[in-house]
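Q: Which chain is which? The protein sequence lines are A, B and C, in order.
Residues in the first sequence are numbered consecutively from 1, following my numbering.
Residues in the second sequence are numbered consecutively from 1, following my numbering.
Residues in the third sequence are numbered consecutively from 1, following my numbering.
The reader is advised that the hints may include incorrect statements.
[What the hints assert, rightly or not] Here are the simulated DSSO-like pairs of lysine-lysine, each with C-alpha atoms no more than 27 Å apart in a straight line:
(1) Lys218/C - Lys252/C
(2) Lys61/C - Lys430/B
(3) Lys28/A - Lys178/C
(4) Lys499/B - Lys427/B
(5) Lys213/C - Lys178/C
(6) Lys252/C - Lys178/C
(7) Lys218/C - Lys292/B
(8) Lys178/C - Lys218/C
(9) Lys430/B - Lys499/B
(10) Lys61/C - Lys427/B
(11) Lys126/C - Lys252/C
(12) Lys178/C - Lys126/C
(13) Lys2/A - Lys292/B
(14) Lys218/C - Lys126/C
(15) Lys61/C - Lys28/A
(16) Lys213/C - Lys252/C
(17) Lys126/C - Lys213/C
Hints in this document: simulated from the structure, not taken from any laboratory.
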Amino acid sequence: MKVESRTILGASLFLAATGAVYWALVYKHGHQTEASGIAMLIFGFAAYGMLFGYLMLQYVRRQGHPRPEDSFDATMADGEGEIAYFPSASIWPAGLALGMILGGVGAVWGLWYVIIGGIIFFGAVLGWVIESDVPEDDQNLQAPH
Amino acid sequence: MATAALNPVPQVVAHRVERAPSGLVGWITTTDHKRIGILYLVTSFVFFLLGGVEALLMRLQLGEANNTLITPEVYNQLFTMHGTIMLFVFLGPFAFAGLGNYLVPLMIGAPDMAFPRFNSLSYWLYLGGFLLMSAGFLTNNGAANFGWFGYAPLTEAIHSPGPGADLWIIGVGLTGLSGIFTAVNIITTIFTLRAPGMVMFRMPIFVWNQMVTMFLLLLAFPVLTSAFALLWIDRHLGGHFFDQNDGGQPILWQNLFWFFGHPEVYILALPYFGIVTEVLATMSKKPVFGYKGMIGATLSIGALSMGVWAHHMYTTGAVLLPFFAAMSLLIAVPTGIKFFNWIGTMWRGTITLNTAVLFCLGFLVMFLFGGITGVILAQPVLDFQLHNTYFIVAHFHYVMFGGSAFAAFAGIYYWYPKMTGRLLSEKLGKLSFTVMFIGFNLCFFPQHDLGLRGMPRRIETYSAHMGWNFLNMLSSIGAYIAGVGVLITVCNLFVSYRKGEIAGDNPWDGQTLEWACSSPPPDHNFEALPPIRSERPLWDANHPDQLTKVGH
Amino acid sequence: MAALALAPSAFAGTFTPESGGSPNANHIAGLYDLTLYVALVIFVAVEGALAYALIRFRARKGRVAKQMHGNTRLEIGWTIGAALIVTVLAAATFISLHSIRDPVNSGPGGLDISDGVQYETTGAIKPPNGRALTIQVNGIQYIWRYTYLGNTSNPDGLGDPYSYYQMVVPTNTTVILKVVSQDVVHSWWIPQLGGKVQAVPGYTNYTWFKIAKPGNYKGQCSFLCGRGHARMIAEVTAVSPARYVQWINQQKAYLAAADAQASTFRAELSGKPGAAAVELTNK
């Protein structure tokens with residue numbers, strides 16, 4: 001996690017530095033109305049900063065137990081075990097997308113599409129959630145969303 | 001080829017999973033990253049052909065002066081949709097979603113993407129987005145007609161009424177959402193599903209570039225979506241964000257759009273840099289020259305691309321020229337490093353000059369040319385003359401078509417055997433490359449001079465007295481030649497699917513893990529993996545006498 | 001490469017921006033040439049290295065690739081080299097920025113602006129001596145409107161003479177353009193008279209030119225503004241200062257006559273002679 005989090009930290013700090021320089025220059029040259037660029041650079045700094053913070057938290061939690069994918073001399077045996085739940089087929093994503101697309105059509109052409117789309121959308125969410133319900137004996141498994 | 005001892009992979013546990021359904025239902029319900037990848041690749045390539053047809057229609061119109069074949073209304077729709085299709089649903093998704101889905105898990109030794117169903121949702125949203133934005137053609141007022149960067153206030157309801165513009169906003173918004181989902185998915189996959197020993201600095205350059213691309217996308221698309229939200233409020237809910245008559249700021253749109261738009265340009269380029277790196281290394285039978293330098297260059301390009309948005313706005317007079325000029329010129333440095341490293345990768349290697357390499361060479365020649373015109377355009381003073389002329393059109397087609405799209409073709413010729421188990425015909429491939437290369441240059445090189453002679457972009461007709469006739473005719477002929485070149489590859493894709501030479505698992509003596517599984521790879525990818533001790537584990541397994549130097 | 005090789009000979013001497021009308025356009029062309037030469041040297045060098053690598057290191061029987069991973073010194077070297085070239089270009093562009101943005105003084109044979117009020121200059125850019133002719137360029141879907149400011153005391157140009165499509169200016173005189181738009185984004189561009197400036201609604205943009213010899217300079221709107229974008233053409237006609245004064249007076253006379261005619265018609269239509277004047281002032 002070290003390389004990952006540092007990469008993001010770098011991006012975040014770069015945006016902070018760029019934002020500071022930009023802010024100073026904008027005010028020095030009297031483009032005071034131009035606030036959007038500063039806002040966006042700060043947004044970028046904060047967004048990447050949050051990601052960095054989360055990854056750092058993971059890293060600190062795992063201190064002393066490096067993941068096999070972060071270790072230079074791990075063997076395949078180190079990674080043995082269950083990774084995650086990978087369903088091989090599911091209709092719900094396509095359903096969910098259909099609901100969202102109908103919602104989009106409705107925004108342009110009228111309420112009826114939104115209602116139909118909404119029904120499909122919530123139906124698909126329900127189906128997806130039920131499908132993810134991992135059986136009792138496998139509760140140690142984490143179901144991704 | 002002697003295969004060294006392969007170790008077993010982490011066991012993948014799948015619950016309550018029946019065999020994947022076959023046929024159409026199988027494709028609709030699939031959550032397999034390879035099938036979703038292929039869906040993306042095929043769909044975006046079809047969109048590429050559609051966008052190409054629109055381009056050919058425009059060239060037909062521009063072939064001679066005072067042509068009245070296409071009305072201004074239709075012409076404006078054609079170039080708007082050409083730009084939208086090529087940028088939002090072809091070049092980006094082809095690489096980051098298509099190849100990214102297919103290859104990232106394979107290259108890092110993962111069984112699938114981190115969120116398989118989320119992945120499927122991304123694809124269907126992407127397809128829906130395309131259908132919505134194109135549905136405008138079926139409405140009375142036609143599709144969106146204000147250019148792919150939709151400058152307010154031309155996009156306001158009073159100037160662009162009708163559902164075409166609304167459908168465009170919703171459609172592009174949906175593809176943006178799908179891109180964000182893909183980004184989350186790929187980043188999580190790279191961060192959490194690597195095989196043991198696959199540390200970050202052993203990942204193929206393609207995966208690194210993919211990761212940086214995804215981070216750019218995560219930053220850029222929310223800004224576009226918010227700009228669209230503001231525009232929607234203006235159009236339908238009585239807002240005045242971009243309406244100068246009520247205290248709005250049209251220039252705000254330009255700032256927001258290009259803050260998205262410039263990272264977007266690199267979203268369309270970085271994955272293709274990755275393709276070129278992989279192909280050149282494999283075909284030269286060498287490791288990537290300056291592996292960490294390449295990664296550093298990718299990271300710097302990604303970072304700098306977030307601070308250069310206003311170089312699209314030099315002529316507004318409302319931006320800090322020196323700041324943006326300096327940042328834009330700086331990007332030339334990491335891009336230059338990449339070029340030198342590519343040549344370094346070929347240096348003292350043994351280069352096989354097959355179709356994939358030819359397309360990479362085409363990329364190197366034309367992307368460099370586009371980069372050089374880019375350095376010209378990064379200088380505000382020169383941009384004052386060249387902005388929004390055909391010089392710009394030529395510049396970004398050299399970068400996007402001569403660069404990225406040629407690299408896309410290199411990727412097709414390189415990975416098609418992995419996806420289908422059959423090689424593409426080299427004969428047709430080389431013919432396709434030659435025709436495309438000649439056609440492309442004939443089409444776009446004269447456009448530089450057209451721009452210098454004062455021809456603005458996005459005009460559907462011009463007077464015969466401007467001295468633009470001959471060059472336009474040349475350009476139109478070139479466009480059709482390039483079109484023929486693309487069609488040859490399309491034929492090749494179909495013919496070789498049935499009749500191509502059987503490829504085997506590793507036809508190119510590849511170095512990275514995707515060549516370690518069968519062609520096409522089985523469900524959940526790997527039965528066994530070689531030990532990962534460098535950035536090219538498969539090469540180390542196959543050539544124990546030429547081990548890659550292990551560096552940390 | 002065929003097209004790349006053929007093109008320079010076919011279009012010899014033309015692969016450079018339009019210039020010759022105004023000093024700022026000439027400066028741009030000069031900087032362009034400098035950049036182009038530097039760029040061409042780099043292009044040829046890089047493609048030469050590429051071609052050499054291709055020919056020299058083709059796969060042949062018995063040849064084995066050298067498994068090298070990089071060369072730190074070389075990599076640092078070309079990074080610094082690239083940075084240096086970029087620095088030179090940046091310096092060149094920063095130096096020339098002022099000569100292109102900031103107007104020069106009018107020449108000796110120019111319009112006599114010394115007698116004050118008639119030709120005022122704008123606040124944003126002005127020549128060193130502060131005397132220039134100011135014309136407001138207004139982008140309208142799909143025509144350009146020019147208001148010759150300073151003929152009345154009205155700062156927004158109301159009542160000043162105006163023209164559409166064709167702008168008439170005196171030679172050897174610094175002309176400052178106030179570029180505005182009243183509907184969507186347009187872009188003002190006469191290639192031979194220097195760079196383009198966007199006409200953004202709600203925002204005033206400035207540019208300038210100084211024409212040495214009489215003649216017509218053509219251009220057109222260079223930012224998509226709707227269905228008539230391709231037909232939004234413009235022309236700048238440079239005439240001698242004496243001819244210019246004659247023209248502007250004639251224009252004033254025409255406009256006065258047209259106004260008078262309009263108020264007569266208005267009075268006839270409303271049937272009440274005094275009403276026309278009231279309506280005009282309300283407008």
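Q: With reference to the structure, classify each hint as holding or not holding.
A: Now for the hints, and whether the structure bears them out:
1. Lys218/C - Lys252/C: Holds, at roughly 24 Å.
2. Lys61/C - Lys430/B: holds, 22 Å
3. Lys28/A - Lys178/C: Within the cut-off at roughly 24 Å; holds.
4. Lys499/B - Lys427/B: holds, 14 Å
5. Lys213/C - Lys178/C: At roughly 23 Å apart (the allowed maximum being 27 Å), Lys178/C and Lys213/C satisfy the hint.
6. Lys252/C - Lys178/C: Holds: Lys252/C and Lys178/C sit about 20 Å apart, inside 27 Å.
7. Lys218/C - Lys292/B: With a Cα-Cα distance of about 52 Å, the restraint between Lys218/C and Lys292/B is violated, given a limit of 27 Å.
8. Lys178/C - Lys218/C: Roughly 19 Å separates the two Cα atoms, so the pair holds.
9. Lys430/B - Lys499/B: holds, 18 Å
10. Lys61/C - Lys427/B: Holds, because 22 Å separates the two Cα atoms, which is no more than 27 Å.
11. Lys126/C - Lys252/C: holds, 26 Å
12. Lys178/C - Lys126/C: holds, 11 Å
13. Lys2/A - Lys292/B: Answer holds: Lys2/A to Lys292/B is near 16 Å, not above 27 Å.
14. Lys218/C - Lys126/C: holds, 25 Å
15. Lys61/C - Lys28/A: The hint is violated at about 65 Å.
16. Lys213/C - Lys252/C: Measuring from Cα to Cα gives roughly 25 Å; hence the hint holds.
17. Lys126/C - Lys213/C: It holds: about 22 Å lies between the C-alpha atoms, which stays within 27 Å.
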